[in-house]
Amino acid sequence: MTTAIQFMASRGQSPRLPSGDSLGGAAVVAASIDLPSVHAVATIGAHADPANASRLFGLKAIAWYL
-4 MTTAIQFMAS RGQSPRLPSG DSLGGAAVVA ASIDLPSVHA VATIGAHADP
46 ANASRLFGLK AIAWYL
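With my numbering, letter number 25 in the sequence shown gets 20, and the count goes up by one each step, no holes.
Think of the hints as simulated: they come from the structure by calculation, not from any bench. For glycine and all other residues, C-beta sits at the position ideal for the given N, C-alpha and C. No incorrect hints appear here.
Restraint-style ranges between C-beta atoms, simulated for each label pair:
(1) G40 - S5: 29 to 37 angstroms
(2) F2 - A35: 19 to 27 angstroms
(3) G40 - R6: 28 to 36 angstroms
Build out the structure end to end from the sequences listed, making use of the hints.
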């Protein structure tokens, strides 16, 4: 997510309001923390802790990413 936002910024298309739902919402929150172009984040049903979501759903394959 961070790489995608940085790529968009390099093209002059910085997202100011990234959004996501469920695990994608948690990823958006985590990625947006250190990005100055992001002014707000919208989530629907996002987990507060992405690591907890990976345990709940057994997503060991992507746990390194979170």
